[in-house]
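Participant: Based on the provided sequences and hints, a complete structural model is requested.
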Amino acid sequence: MSDAAAKAGVNSAPASLGKGNETPVRSIFLEFLFIGATSFGGGVVAYLRDGLVAKRGWVNDQEFVEYLAISQTLPGLNATNMAVLVGDRLRGIRGALAALFAICLPGAILMMIVGVAYQAHGGKPMVTAALKGVAAAAIGLILATTIKLGKKSLAHAYDLVFVGLTVFGVDQLHQSVPSVLIVVGILAILWYRPRKPKETAQ
Amino acid sequence: MTQLVSLLRVFSYLSILTVGGGLAAFPEMKNLVVNVHQWLNFTQLIHLYSMGQVSPGPNMMMIVAIGERVAGIPGVIVVLVAFFGPTALLAFFMGRLWTRLANWPWRSSIERGLTPVSIGLLLAGCLSFARGAVTDRGTVAIAVAVLLVLLISKINPAWLVLAGAIVGGLAFGPKVL
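Residue numbers (the numbering used here), protein chains in the order written: chain L, 509 to 710; chain R, 14 to 190.
Don't take each hint at face value.
[Said to hold, decoys possible] Chain L is faced by these chain R residues, among others (derived, beta-carbon under 8 Å):
(1) L61
(2) G133
(3) C139
These are computed hints drawn from the structure, not numbers from a lab. A virtual CB, placed ideally from N, CA and C, is assigned to each residue, including glycine.
Facilitator: Pasting the structure below:
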């Protein structure tokens, strides 16, 4: 990366990362633009890992998992939260803005074109039929994604109680997402409250 | 102008509900954009949302299509700023704080406690979505087939959604032959 090194040489800002040189904002923008343009089929996290850990080596595996845990706990999409966190880690606020803007841009343009095309042709019987198939496939996709995430991240059987309470509150009692989030969330956090003598938290 | 204000309010509210993923906000999104503001009907929301799931980048970019539909290019910009602004700011500041709180014992309590809640919110989103998308035997068959293939293989879901479009066109479309 001779051009990165040259860029960093021109930039005499203090290296806050202890890495010797800073990542140029332009590289951050281009990498996130690439991820934003190629991550067809959902599952952006896998594309982020390929680009940021394997290809660029900007963060290591452990940091990546750490940022992902923060992204999943905070509101916001994993993809955009990861962009903000990694962008900030690399180049502060400018890096965060570049990463966020770049990862959104390709999909935004594509969905705008899709939206315009849908308004023009969405009512045609053949299009409606195809989209009925697309929607059915999409529910299979989002359910599979949720099940995989659950298998990976739920540690104990009694986690299922909190999952169940949340689903029941939103889907059956028709409570708003914020109120369910606050009530069940606080219950679950208290359930997992720090306990000093018994177990050492992982 | 009033539409732009409504877009701003609705999408910044939805933004903070996306705990665990965009799907967590789906039940509220359906209520607000379909029932309250009637910007589009449930079927149209399902169609746009489905296409947004396989488009590259963050999987909620379909909000752009709603912004465009309601108020053109200004609508697109307002929707993007409203939906991504609040959570980006939160991630920026909380990210810095969270890293500093690495040894705070409640930090892992919060992460572990919110995990099952976020999974529950995603499942509730799946259920709300399924009510509009899975309506007869044909759609059940497609949904189950896609689910099973994705659970046992590592195929890119975009191919399965494309297959869904072809099967849907053949099975539910006007008979052309």
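Participant: Compare the structure with each hint and give your call.
Facilitator: Taking the hints in turn, this is what the structure says about them:
no. : hint : in the structure
1   : L61  : holds (7 Å)
2   : G133 : holds (3 Å)
3   : C139 : holds (5 Å)
When each numbered hint is compared with the structure, no violation occurs for any of them.
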